[in-house]
Amino acid sequence: MPRSAATSSECGRRGTVAEKEKRSARETAGPWEPNIVGFLCNWCSYAGADLAGTSRIPYACNVRVIRVPCSSRVDPLMILRAFREGADGVLVSGCHPGDCHYIDGNYYARRKLIALKRLLDHVGLDPRRFRVSWVSASEGRKWAEVVKTVTRELLEAGPFRYEENGDD
Amino acid sequence: MATIKEELQAAAKKLFDDDRVDYFVGYAEDYGHTFPAILAKDSDLSRLTFDRKSYNNLANFLPELRGFRVGLICKQCEVRTLNVLAAEGQIERDKLVVVGVPCPAMVDPRKLPQGEADLAALDESYWQEKCRRCPERNTPFADVFVGERVSTPTPAEGWPLLEEVEAMSAEERLAWWREQMSLCIRCYACRLACPLCYCHQCFVEDNKPQWLDKSVGPENNLHYHIIRAIHLAGRCIECQECSRVCPAGIPVDVLNNVLSRDFGERFGYVAGETAETEPALIQYERDDKEDFIL
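Line by line, the protein sequences are chains B and P.
If you're matching positions, the first sequence starts at 1 in our numbering and goes up one per residue.
If you're matching positions, the second sequence starts at 1 in our numbering and goes up one per residue.
Derived by calculation from the structure, the hints in this document are not laboratory data.
What you were told as hints is all true, and nothing was included just to trick you.
Stretch by stretch, here's where chain B covers chain P in the computed footprint (C-beta under 8 Å, at least three residues):
| id | stretch |
| --- | --- |
| 1 | 164 to 175 |
| 2 | 224 to 233 |
| 3 | 258 to 272 |
The calculated label-pair distances, taken between Cβ atoms and stated as ranges, are:
| id | chain 1 | residue 1 | chain 2 | residue 2 | range |
| --- | --- | --- | --- | --- | --- |
| 4 | P | PRO109 | B | THR149 | 48 to 56 Å |
| 5 | P | GLU172 | B | ASN42 | 37 to 45 Å |
| 6 | P | ARG110 | B | SER138 | 52 to 60 Å |
This structure is a prediction, so every number in the text was calculated from the model and none was measured.
From the three backbone atoms N, C-alpha and C, an ideal C-beta is built for every residue, glycine too.
Chain P extracted, bound-state conformation (with noise of 0.2 Å):
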C-alpha cells in the first residue's frame, strides 16, 4: 500500500500533469524538519510529505498567490480559514483545488521529547491544544482527496490556558499578562503566521496618527495584542499559528479564545464554520446582549 507521502506526490504530479494548478502548496521535508513548500510545475516533488509535523496553516499563502490556479493541502484548519477567506472575498474558490488529507493530529514541538521519537506513536499529552478540540479530521469538502480516512475522537471542550487565567483576580491576570508582555519583543511573527492577517498596511506601521509607539514595552505591546484580537474577532478561527511561532512563547491565542469563547456565547457564532458566514462585527442583531451599556 501507498503511503500518504507517495499518493500526495501522485495527487500532486496528477494535477500538474492536467494542467490544473500553477502553484502546488504543501509539506516538504528536509534535515528532519517539515516545513511549508510552494511548488511549481517543475518543482522537485520528492519533497512533499504530510506528517505530524505540518502544522503550518498553509491558507497563509493563498492572498499572495491570488490570481494563480493553487493546489493547497487542506487540514481542518485551512478548511476553517478558506471559509473565513471565501466570506470575506480574498480567494477565488474556482481557482482553489482542495486537496483533502487525513489529519493525524499535529505535535506540539514544545512538548516533544528529547531525541528521536516514532511521531506516530505519540498520544494525546503531545498533541497541539487545537487538535485536542478538532471537530472533524477529514477534509470536509476536498476536490481531492489522499490517503485513507481516519475516525475522529470525541473534541475536547473549553479552553484550559483561558480558563486559568479567567480564574485568576483582576489584579493577578493583570500582573500576569503585564509579565507576559513584558517579554514580547514585537516581532510581529504572530501577524505573519496568521493567515487573516493579510492586510498591506498593517495599524502598526502607520505614522499619520501613529497608533503605537515603535518601541517594545508592556503597555505598548499590550495594546498592539489587544488591537490585533479586535481585528480577529470573529475571524480567528484558533489555528494557534500565533502561539506556536512565538519566539518568546507568550500564548498570544488567549486574547483571541477570550473573544471567540463569548461570541459563541453571546451571538451564537462560530468563524469559519461555513463559507457564506459573515464576519462577526459585519453583522449584528437588533437584540445583541449588553450588559455594561448604561
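Next comes chain B alone, as it looks inside the complex (with noise of 0.2 Å):
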C-alpha cells in the first residue's frame, strides 16, 4: 500500500515537527514496515535481545528497545504514549513468572498489563498491536522468535490508523 494514502489522516497526529519529517522520510523510502516500541526489562528480556545480538541470530529489526529496570516499571501511561506518538505496536518484555530481579516485579506487572489489555481490547484496539512476553536472559532465540511473531502480525495488521484511536 502506498504510504501517501494515508498521510492525510497522519495530520492529525501528535508530535514535533522534526518527527513528522523523519516520520514521512521513513514513509516514503519503501515498502511500510511496522514501528514497534519495546519495553525490555534490564535483567532478562534486555539481555536475551544482547544475546539474540551476539548470537547473530537473524531477526526483524523492527523494534525500537527501551531498556526498564522492570517490567513493572512500564505504565500503562508510557504504552498509550507510545500509540499517540506514531508506534504501530508495543510489545512489554520481562522475565519470567517468578524469576523476576526484585522477586515479585512482574507479578505486578502482569496483573497491571492484564488490565491495560482488557481495555483496549474492550475500545476495538486491534489485539495484534500490544502484546507482552516473558524472555529470559538466556532465550535469545525465544526474543528473535517473539519479534518475528510481533512483526509479522503487525505488517498483516497495517499502519496504525488514527480511525483506530481517535484523532484530535
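Build the complex: two chains, separate frames, hints provided.
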C-alpha cells in the first residue's frame, strides 16, 4: 500500500515537526514497515535481546528498544503515549514469572498489563498491536521468535490508523 | 411515627450534643433538590434529609475532612467506598461515626418523568442501575442506625450496557467509543465525583512528562478515560457517580465495569468487599491467569 494514501490521516497525530519529517522520510523510503516500541526489562529480556545479537540470530529490526529496570516500571501511560507518538505496536517484555530480579515485580506488572489489555480490547484496538512476552536472559532465540511473530502480525495488521484510536 | 428525616435530624443533633463529631455529612433539601451538605454544630440541622434523590456518594468528602471527627450517612455505596479507603489508609475509622440508613433505592434523574412525581412510588424501571445490583439495602456496620430496616430484593446480575457494547464487533466498539469520546469536554466531573480519585495531583495535570494533551479530542479523551479506569482497577466500587455527573451523558463507568467484571472472573476479586480487601493491583497470585502473553 502506498504510504502517501495514509498521510492525510496522519496530520492529526501529535509529535514535533522534526518527528513528522522523520516519519514521512521513513514512510516514503520503501515498503511500509511496522514501527514497534519494545519495553524490555534490564535483567532478562534486554539481556536476552543482547544474546540474540551476540549469537548472530537474524530477526526483524522493527523493534525500537527502551530499557527499563523492570517490567513493572512500564506504566500503561507509556504504552498509550507510544501509540499516540506513532508506534504501530507495543511490546512489553520481562522476566518469566518467578524469575524477577526484584522477586515479584513481574507479578505486579502482569496484573497491570492484563487490565490494560482488557481495556484496549474492549475499546476495539486490534489485539495484535499490544503484546507482552516473557523472555529470559538465556532465551536469545525466543526473543528473535517473539520479534518475528510480532512483526509478522503487525505487517498483516497494517499501519496504526488514527481511526483506530481516535484523532485530535 | 417519626419520619426518617426527623429521626436523622435527631440523630445528628445527638451526635453534636454528645460531642462525638465535628462535622456531619449528609443530604440537605432545598429548591426541590437534594444535595450533599457538610454541617457543623451551629448549622441549621432542619435542612437534613434522606430521600430517593440522595444519589451522591458522600464518602467523596472524607479525604478533605481528614483529621476531623465526622458523622457520615452511609448507604451501601458509601460502605464499600469506606472499605477501599480504609484499606488504602485514607480514613481514620475511630474518628468516623457511620450513620446507617435503610436505602430506598435511588431514582435515576435522567429517567424521571416530567413534572411532579411521587418519588416513593417509582418502580424499578426508574431506579439507578447500581441500585438494581445492590446486595444489601441496610448499612451493615452502622454505629448509629436510623429508621426501619428494609428488605433487599434479589440483586440483578450483569451489566446491561457493558453487555450491549461487548456484543458489538471490535470495529463497532471502536466507532461507539469514538462517538462517545467526541462528546467528552474533559471537565473532569467524573474525577471530581469519584470518591476514590483523591490524588492531589492527577496525571492529566503533569507537565513533565506531559502524558496527555490538555486539548480535547477523541484520542486524548479516550486515553484519559482508559488511564482513569486503570487507576481505578480493582478499586472501583461501581457507585456510578462518574456516569451520573457527566454533563455529556457518557457512560464512563462502562470502562470501570470491564475491569470489575474481568477481575471478578479472573481473580475472584470484589473491590471493597471488606475493610481488609487490598486493591487488586497491589497484590498478586503466582498463578494469575494470563492468556495473551507470548
